[in-house]
Amino acid sequence: MLRLFFHSQLQLGFAQALVAALSTLLVVVLARRRGIHLESETLIAMVRGLVQIIAVGSILLILLHAPRWTSGILLAGMIVAAGATSARRAKGMPDAFQVSSCAIALGAGSIIALMTSLGVIDTAITSLVPVGSMLIANAMNTNSLALNRFRSDVLAHAGEIETALALGAEARNSVSPYVQASFEASLIPAIDSLRSLGIVWIPGLMAGMLLSGARPVYAAIYQFVVLAMIFASSGLTSLVSTMLIRGRVFSPAEQLLLQPGR
Amino acid sequence: MTYVSAVTNPVVLRAEHLGRTVRDKILVEDVNFELQKGGVLAITGSSGSGKTSLLRLLNRLDEPTSGTVLVEGADYHNIEARELRRKLGMVTQRPYLFPGSVADNLRFGPAQRGEILPLETIEELLTQVGLKDYSRRDVANLSGGEAQRVSVARALANSPLALLLDEPTAALDEAAKLEVESAVQKVMRDQGLTCIVVTHDIAQAARLAEQALVVEHGRIVRAGPAGEVLRA
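One line per chain: the protein sequences are A and B, in this order.
Under my numbering, think of the first position of the first sequence as 1, with each following residue one higher.
Under my numbering, think of the first position of the second sequence as 263, with each following residue one higher.
Warning: the hint list may mix true and false statements.
[Said to hold, decoys possible] Short derived list, chain B residues pointing at chain A, Cβ under 8 Å: (1) T354; (2) R375; (3) N420.
[Unchecked claim] Listing some non-contacts, in silico: residues in chain A with all C-beta distances to chain B over 12 Å: (4) A15; (5) L22; (6) I161; (7) L165; (8) L167; (9) S174; (10) L210; (11) Q223.
Quick caveat, the hints were computed from the structure, so don't treat them as lab data.
Fair warning: this is a prediction, and the values are worked out from it, not measured in the lab.
Note that the Cβ used here is the ideal one computed from N, Cα and C, for glycine as well.
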């Protein structure tokens, strides 16, 4: 229907964005009725997301003919931004930004580097940056889930953790059950995506490849490749992040720093 | 105020100018006392007076911002945290048992040092707290009083120098409270164990301890033989 009113692609794009944004308004209104206030957070996130994606699109347009190494700088910038975003979900956790950035760099960065060197990801900037950003974004989400779950579990089980410490347990061991639970919970979205691929959803990348003339079977296989890379980078990120954060919730004298009400 | 017991056994625990201030809030201030081997000290005071904060400083679950504690004459800053906590066993208000059997819980402490607690020792410890033949029971099926007695036995399984009890009966009903109290009394009597009991219950403090400290706003305001201090 929108196509009847908007003939320029740019105008159509903004109209589609507006309609999609209005659908989120429905969620905000429904949440508000239940006493949950998401208004400002949703508005800021949507405006930020739109501005950022337009900015990146414009930069990609400029960089189409730039040397290949520039994609490395772009991806490094994305990792730092992802680390900062993810760290906000770990309120009160010591060194959350360093842990998040390091985990995403090691998790997503190493998979991007490995897959690029093996030729799984094309080195062209138009391929490396979008695919790399997908891995970084998913690693960021996984990291946020892992840190958020770990934080909640430690706060909810401070009594059990301190009991273990009081019985002479090593600090890192006293939080082991919560490290494991956080790791497992953080990977649920990645596992479900892989499991439901093609049945519940056909991702945008495959649709894009089909539209640009790729053979359907190759597009389908490549979509699996991307999801497998997402799973690998997310898993590695969560592993590194939970490993790094577990020691940081304790002082050098093995006292639990993350306590309810402190 | 400093409290020094008249008993002449060797000193197990000595607090020296112990204090903790967090964001300008004084939780514990200039606490001095000493406890001899086999002595039982009650720390009493109203809710929020700093009793639990003081106990947490004693086994270094929290870091003092001033002063220190000497354990058998050694500054506890020089003792590895894990070893210190093994020496000063702690029983909290809620028992926080780990999932599994009663025996699994008793094995936990020694297992941290790579030791396997023999079944006979487990049975002995459980008998001491009135839970004979409970070793195989799942902790999920225990009553509040039974769980707290398992918690006492679990702390004893580490062979501590002293036992720190933080309101061990505060979360229990009257019947369970008496069960736990008599189990603690039996352990103190049979083993001659050095104990510090934090309680807001003056009568309980008088029944369990020979010496007492009364804490208000994080400071010791009265100290001495339990009979005198708790009557005042």
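For each hint, the structure was consulted:
{"no.": "1", "hint": "T354", "result": "holds, 6 Å"}
{"no.": "2", "hint": "R375", "result": "holds, 7 Å"}
{"no.": "3", "hint": "N420", "result": "holds, 6 Å"}
{"no.": "4", "hint": "A15", "result": "holds, 52 Å"}
{"no.": "5", "hint": "L22", "result": "holds, 45 Å"}
{"no.": "6", "hint": "I161", "result": "violated, 9 Å"}
{"no.": "7", "hint": "L165", "result": "violated, 6 Å"}
{"no.": "8", "hint": "L167", "result": "violated, 4 Å"}
{"no.": "9", "hint": "S174", "result": "violated, 10 Å"}
{"no.": "10", "hint": "L210", "result": "holds, 51 Å"}
{"no.": "11", "hint": "Q223", "result": "holds, 42 Å"}
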